[in-house]
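Colleague: Sequence:
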Amino acid sequence: MDTLAAFLSHLQHERRLAGNTVEAYGSDLSDFFNFLRVHLGEEPTPKALGRLKARDIRAHLAQRRRDGLSDASIARLLSSIKALYRWLGRAHEIENAEIAYLQGPKRKARLPRPVSIEAAKDMIFEAETDPDSETWIGARDAAVLSLLYGGGLRISEALNLTGADLPAPERLRISGKGGKVRIVPLIPAVRQAMDAYAAVCPYALTKSGPLFR
Numbered sequence: 033m034d035t036l037a038a039f040l041s042h043l044q045h046e047r048r049l050a051g052n053t054v055e056a057y058g059s060d061l062s063d064f065f066n067f068l069r070v071h072l073g074e075e076p077t078p079k080a081l082g083r084l085k086a087r088d089i090r091a092h093l094a095q096r097r098r099d100g101l102s103d104a105s106i107a108r109l110l111s112s113i114k115a116l117y118r119w120l121g122r123a124h125e126i127e128n129a130e131i132a133y134l135q136g137p138k139r140k141a142r143l144p145r146p147v148s149i150e151a152a153k154d155m156i157f158e159a160e161t162d163p164d165s166e167t168w169i170g171a172r173d174a175a176v177l178s179l180l181y182g183g184g185l186r187i188s189e190a191l192n193l194t195g196a197d198l199p200a201p202e203r204l205r206i207s208g209k210g211g212k213v214r215i216v217p218l219i220p221a222v223r224q225a226m227d228a229y230a231a232v233c234p235y236a237l238t239k240s241g242p243l244f245r
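Under my numbering, residues 33 to 245 are what the sequence shown spells out, in order.
No lab work stands behind these hints, which were simulated from the structure alone. Possibly wrong hints are sitting among the right ones.
FRET-style restraints, in silico, Cβ to Cβ [as the list claims (entries may be wrong)]:
hint: 1; residue 1: T77; residue 2: R97; range: 41 to 51 Å
hint: 2; residue 1: R186; residue 2: N66; range: 25 to 35 Å
hint: 3; residue 1: D34; residue 2: D227; range: 21 to 31 Å
Computed cross-link-like contacts, SDA-like style, restricted to lysine to any residue with a CA-CA straight-line distance of at most 25 Å [stated by the list, open to error]:
hint: 4; residue 1: K239; residue 2: D227
hint: 5; residue 1: K212; residue 2: R186
hint: 6; residue 1: K85; residue 2: N128
Everything numeric in this text was worked out from a predicted model, so none of it was measured. Where is the CB? At the ideal position from N, CA and C, for every residue including glycine.
Whenever a hint applies, use it, and build me the whole structure from the sequences.
Modeller: Here it is, written out as structure tokens:
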């Protein structure tokens, strides 16, 4: 199994990340590996990846920016590369401090406005892959964000869900302000995020207990 396939298998089977998140990693890193095959003139094995310099990564990021990627997408790409290197450190004892300290593009401060589809996907992706959080916490945050953006729930409504709402249904019955009840359809990506969280949550999710802790 090559390096990229082994990393994606780790994300799917050990980290238990959602399928669309694994696909996002695969897309970002496939482009990165193709760049390295030309840039290095060799297959990007773990040892070859360990020899990379910050300038090599910056060269790839610059190329992707020329291809039209936004700052948000560049930041996500760098996050994917750093996640690959954290795995290389654990699985192959390959450390690369230059890569670990690379900084992504700074985002300009803007007035509040509706979250774009791309930005929402990036927020969910970053929640799932936060290196400083345990796997279940990242899955929880991704599920909550998915409900807010993909389901249109208020934060209070999402936090009022219980274990009785599992497995994730096609429609949620939500009691909102003033006791009004509405039916909320859930798209597959939201249901998948909820079920992925339930699969790794270390707590017993009882029918009367809170879904999110």
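Colleague: Going back to the hint list, which numbers does this structure go against?
Modeller: Going through the list in order, the structure violates hints 1 and 2 and respects the others.
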